[in-house]
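Visitor: Sequence:
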Amino acid sequence: MQKKILEVRTPIVSAYPDLAHLFSILVDNKKCEKWIYNYFIQMEIYNTLYEETPRLDFYKPFLWESCPFIQQQIIEKIFLNRLDISVINFIEKSICDNEYILIDIDHFEVKDSCFYKNKHVIHKVLIYGYDKEQKKLYIGDYFENYKYGFKEMNYRDFLKAYVSCEQYIAKDIESSIRKYGIRIIKTEFDNDYIFDWEFLKNSFIAYIQGTNLNKYYKIANIDNWSNGIKTYNILKKYIEDLCKLEKSDYYPFRTFQVLYEHKKLMYSRVIFLTNEKYITKEECVYDFEKIK
1 MQKKILEVRT
11 PIVSAYPDLA
21 HLFSILVDNK
31 KCEKWIYNYF
41 IQMEIYNTLY
51 EETPRLDFYK
61 PFLWESCPFI
71 QQQIIEKIFL
81 NRLDISVINF
91 IEKSICDNEY
101 ILIDIDHFEV
111 KDSCFYKNKH
121 VIHKVLIYGY
131 DKEQKKLYIG
141 DYFENYKYGF
151 KEMNYRDFLK
161 AYVSCEQYIA
171 KDIESSIRKY
181 GIRIIKTEFD
191 NDYIFDWEFL
201 KNSFIAYIQG
211 TNLNKYYKIA
221 NIDNWSNGIK
231 TYNILKKYIE
241 DLCKLEKSDY
251 YPFRTFQVLY
261 EHKKLMYSRV
271 IFLTNEKYIT
281 KEECVYDFEK
291 IK
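Everything in the sequence shown is counted per my numbering, starting at 1 for the first residue and increasing by one.
Check before you lean on any hint, since a few could be wrong.
16 Å max Cα-Cα, derived EDC-like pairs, lysine to aspartate or glutamate [said to hold, decoys possible]:
hint	residue 1	residue 2
1	K34	E198
2	K124	E76
3	K3	E99
4	K77	E166
5	K186	E7
6	K3	D131
7	K151	D192
8	K263	D57
9	K34	D196
10	K151	D131
11	K117	E144
12	K124	D112
13	K111	E65
14	K31	E188
15	K60	E44
16	K93	D131
17	K218	E65
18	K30	D157
19	K136	D157
20	K135	E152
21	K31	E133
22	K3	D112
23	K132	D157
24	K230	E44
25	K136	E152
26	K147	D112
27	K186	D28
28	K31	E276
29	K111	D157
30	K277	D196
31	K132	E152
32	K117	D157
33	K215	D192
34	K186	E276
35	K151	E44
36	K34	D192
37	K230	E7
38	K4	D157
By construction, these hints were calculated from the structure, which means they are not laboratory data.
Kindly produce the complete structure, drawing on both the sequences and the hints.
Guide: Structure representation (structure tokens):
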């Protein structure tokens, strides 16, 4: 096949790449929205501020493994070399089989990136299409002004970014990339998702109480993390400290983007729950609209 482009959509959440990439390929709104609104209620943030600025994020353990609408497999990059398969041919064959690809490249070689020829930044991009005749790929990632979007990238530039990724990555990160390698994803929307009201209730309770859901996921608790309402204490302290500085070299815009997207998602969730008759108090919609 000379050309094929898989369907993508603008993600409702895009502060960080894991959710942005995943939500981009969950294109069946009616079926996927049940799962999305059932989860992604809880937030988490690391308590210690002396080393880095706070990184607020959605609480989402086993994100890719828990999504009911995808099948995935992960291969190491070295396998392509062992099988003598070029990465371009591998991508083309995967797209032909309706499989999306997540793969690391160096944004130093991405012309639409704000890091182009300026800084070596290794990042996973979502590849959702190709055009053999025009020799280009269709990719999703963060480009101008650090905003998530969809662009075209010619084969030559992609190969340069792919090779550069291996040359400039730190050793400790390199071992991780070699371990997790290339993620191959196929979407499946045949089955309906059964809304888990009990989990939703427990998630809201955990958010209000500022506790995690590690027990539900059967994972151990980790010290120095705050959840739910308690994350605001960390953000408030950081903003107070930031205001005392005459100048700051870094502004954690993604943290505050998560804060906004969390409220936006909460508002959409309440509308969904109201429309589906899960809740009957319509004033909740107005309350969440004010918060958003």
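Visitor: Could you run down the list of hints and mark each one as holding or not?
Guide: Hint-by-hint comparison with the structure:
1. Note on K34 and E198: the hinted pairing holds, with a Cα-Cα distance of about 14 Å set against a maximum of 16 Å.
2. Taking the CA atoms of K124 and E76, the gap is about 14 Å. The hint holds against a cut of 16 Å.
3. Straight-line distance between C-alpha atoms of K3 and E99 comes to about 14 Å, which keeps the hinted pair within the 16 Å bound.
4. As the CA atoms of K77 and E166 are separated by approximately 10 Å, the hinted pair is consistent with the 16 Å bound.
5. Using a Cα cut-off of 16 Å, the hinted pair K186 and E7 holds, with the two alpha carbons roughly 12 Å apart.
6. Distance restraint check for K3 and D131: the Cα-Cα separation of roughly 4 Å lies within the 16 Å cut-off, and the hinted pair is therefore satisfied.
7. Between the alpha carbons of K151 and D192 the distance comes to roughly 32 Å, so the proposed pair goes past 16 Å and is violated.
8. Of the pairs offered as hints, the one joining K263 and D57 holds, with about 12 Å between alpha carbons and a cut-off of 16 Å not exceeded.
9. About 9 Å separates the Cα atoms of K34 and D196, which keeps this hinted pair within 16 Å; it holds.
10. For the suggested pair K151 and D131, the alpha carbons sit about 13 Å apart, so the restraint of at most 16 Å is met.
11. For the proposed pair K117 and E144, the alpha carbon gap of about 14 Å is at most 16 Å, so the pair holds.
12. Note on K124 and D112: the hinted pairing holds, with a Cα-Cα distance of about 15 Å set against a maximum of 16 Å.
13. Our distance criterion of 16 Å between C-alpha atoms is broken by K111 and E65, whose separation comes to about 32 Å.
14. With a C-alpha separation of about 11 Å, the suggested pairing of K31 with E188 holds against the 16 Å cut-off.
15. With a C-alpha separation of about 9 Å, the suggested pairing of K60 with E44 holds against the 16 Å cut-off.
16. For the proposed pair K93 and D131, the alpha carbon gap of about 12 Å is at most 16 Å, so the pair holds.
17. For the hint pairing K218 with E65, the CA-to-CA distance comes to about 14 Å; that is within 16 Å, so the pair holds.
18. Of the supplied pair hints, the one linking K30 and D157 is violated, its CA atoms being roughly 37 Å apart against a limit of 16 Å.
19. Only pairs whose Cα atoms come within 16 Å are accepted, and K136 paired with D157 is accepted, the gap being roughly 9 Å.
20. Straight-line distance between C-alpha atoms of K135 and E152 comes to about 10 Å, which keeps the hinted pair within the 16 Å bound.
21. At most 16 Å may separate the alpha-carbon atoms for a hinted pair to count; K31 and E133 exceed this at roughly 35 Å.
22. Taking the CA atoms of K3 and D112, the gap is about 22 Å. The hint is violated against a cut of 16 Å.
23. Between K132 and D157, the direct Cα distance comes to roughly 15 Å. Compliance with the 16 Å bound is thereby established for this hinted pair.
24. Only pairs whose Cα atoms come within 16 Å are accepted, and K230 paired with E44 is accepted, the gap being roughly 9 Å.
25. A distance of roughly 6 Å separates the Cα atoms of K136 and E152; the hinted pair therefore holds under the 16 Å criterion.
26. Between K147 and D112 the CA atoms are separated by roughly 11 Å; this keeps the pair inside 16 Å, and the hint holds.
27. In summary, the hint linking K186 to D28 is supported, as the alpha carbons are separated by about 13 Å, within the 16 Å threshold.
28. A threshold of 16 Å between alpha carbons decides the hint, and for K31 with E276 the separation of about 13 Å falls inside it, so the pair holds.
29. As the CA atoms of K111 and D157 are separated by approximately 8 Å, the hinted pair is consistent with the 16 Å bound.
30. Between K277 and D196 the CA atoms are separated by roughly 14 Å; this keeps the pair inside 16 Å, and the hint holds.
31. Distance hint between K132 and E152 is fulfilled; the C-alpha atoms sit about 13 Å from each other, no more than 16 Å.
32. Taking the CA atoms of K117 and D157, the gap is about 12 Å. The hint holds against a cut of 16 Å.
33. With a C-alpha separation of about 26 Å, the suggested pairing of K215 with D192 is violated against the 16 Å cut-off.
34. About 29 Å separates the Cα atoms of K186 and E276, which puts this hinted pair outside 16 Å; it is violated.
35. Simply put, K151 and E44 have alpha-carbon atoms about 31 Å apart, too far for the 16 Å limit, and the pair is violated.
36. Distance hint between K34 and D192 is fulfilled; the C-alpha atoms sit about 9 Å from each other, no more than 16 Å.
37. This hinted pair does not check out: K230 and E7 have alpha carbons roughly 38 Å apart, beyond 16 Å.
38. For the proposed pair K4 and D157, the alpha carbon gap of about 19 Å is over 16 Å, so the pair is violated.
Going through the hint list in order, the structure does not satisfy hints 7, 13, 18, 21, 22, 33, 34, 35, 37, 38.
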